[in-house]
Amino acid sequence: MLEIKDLHVFYGAIHALKGISLTVADGELVSLIGANGAGKTTTLHAISGLLPAASGSILLDGTDLQKVPANTIIGLGMAHVPEGRHVFARMTVEENLRMGAYILRDQKRISENLERVYGHFPRLKERRRQLAGTLSGGEQQMLSTGRALMTDPKIVLMDEPSMGLSPLLVKEIFSIIQELHKSGITILLVEQNAKMALAVSDRAYVLETGTISMEGPAAELAADDRVRKAYLGA
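Heads up: the sequence shown begins at 651 in the working numbering, then just goes up one per residue.
FYI, nobody ran anything at the bench for these hints, they're computed from the structure.
These numbers come from a predicted model, not from an experiment.
Note that CB positions come from ideal geometry on N, CA and C, so glycine has one too.
Take the hints with a grain of salt, since some may be wrong.
Only pairs whose alpha carbons sit at most 30 Å apart, straight line, appear in this in silico BS3-like list of lysine-lysine [to be verified]:
1. Lys832 <-> Lys845
2. Lys804 <-> Lys821
3. Lys821 <-> Lys758
4. Lys655 <-> Lys775
5. Lys845 <-> Lys879
6. Lys668 <-> Lys832
7. Lys832 <-> Lys758
Have a look at the derived ranges for each label pair, beta carbon to beta carbon [unchecked claim]:
8. Asn721 <-> Asp875: 38 to 46 Å
9. Leu781 <-> Ile753: 18 to 26 Å
10. Met741 <-> Arg878: 37 to 45 Å
11. Gly866 <-> Gln842: 14 to 22 Å
12. Lys758 <-> Pro817: 20 to 28 Å
13. Gly712 <-> Ile753: 14 to 22 Å
14. Asp875 <-> Ser833: 32 to 40 Å
15. Met813 <-> Arg740: 16 to 24 Å
16. His736 <-> Arg773: 16 to 24 Å
17. Glu829 <-> Thr742: 38 to 46 Å
Using the sequences and the hints given, assemble the complete structure.
Written out as structure tokens, the structure reads:
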């Protein structure tokens, strides 16, 4: 489904991504783990068209995303849940969700997608008329994720969904990620909490200072001494 080959990205003179390659197959949950500054968020921004690539290729079902304007990539079946959630604070929960369906014109489909999202996130339905800025951090993460699901995406990019949440809420968010995966949604997950990410993923890549240093089945990486010492606190 998603194929990245030899991707190079610069921030000015800084070589942020140094020829990374990765794939995400249909139905997979793949994690990209690494320390702060490794290039994880940069990778997602390049895939979504928010950052230009200096070279390399980014293909979604064979379509070259670098030739597609960023604001139309969602129409190809990709959605992005950004780091920091970025909900529309002065809009209600339901208004935020409907904003996620801005490319759709079929009101019946929008209503069906809305009910599907409420099925995944019953708490959002309870708070559908509440201003998004008054939600808790965990609820805002649910809202950001639900908003991304409003177009029935083929693949969802998730950037640090556990950031700033309490341990109890982290468990809840990862339980939701597992539920979405089981429902058939393909996910590329960027996450600093390597232990939780590897526990829910099919495969994973380790990103270090702009390069892929390790890759493989998530369970194998979780058992690898190098990964355990560097990222799992073992």
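Okay, the hints, checked on the actual structure:
1. Lys832 <-> Lys845: holds (19 Å)
2. Lys804 <-> Lys821: Between Lys804 and Lys821 the Cα gap is close to 25 Å, so the pair holds against 30 Å.
3. Lys821 <-> Lys758: violated (34 Å)
4. Lys655 <-> Lys775: violated (41 Å)
5. Lys845 <-> Lys879: holds (12 Å)
6. Lys668 <-> Lys832: Violated - the C-alpha atoms of Lys832 and Lys668 are around 33 Å apart, more than 30 Å.
7. Lys832 <-> Lys758: With Cα atoms ~25 Å apart, Lys832 and Lys758 stay inside 30 Å; holds.
8. Asn721 <-> Asp875: 38 to 46 Å: holds (44 Å)
9. Leu781 <-> Ile753: 18 to 26 Å: Given range 18 to 26 Å: holds, Cβ gap about 24 Å.
10. Met741 <-> Arg878: 37 to 45 Å: Holds, since Met741 and Arg878 (Cβ atoms, about 43 Å apart) stay within the stated range.
11. Gly866 <-> Gln842: 14 to 22 Å: holds (19 Å)
12. Lys758 <-> Pro817: 20 to 28 Å: Given about 41 Å between the Cβ atoms, the range is violated.
13. Gly712 <-> Ile753: 14 to 22 Å: Holds, at about 21 Å.
14. Asp875 <-> Ser833: 32 to 40 Å: holds (35 Å)
15. Met813 <-> Arg740: 16 to 24 Å: With a Cβ separation near 22 Å, Met813 and Arg740 satisfy 16 to 24 Å, so the hint holds.
16. His736 <-> Arg773: 16 to 24 Å: holds (19 Å)
17. Glu829 <-> Thr742: 38 to 46 Å: Cβ of Glu829 to Cβ of Thr742: about 24 Å, so the range 38 to 46 Å is violated.
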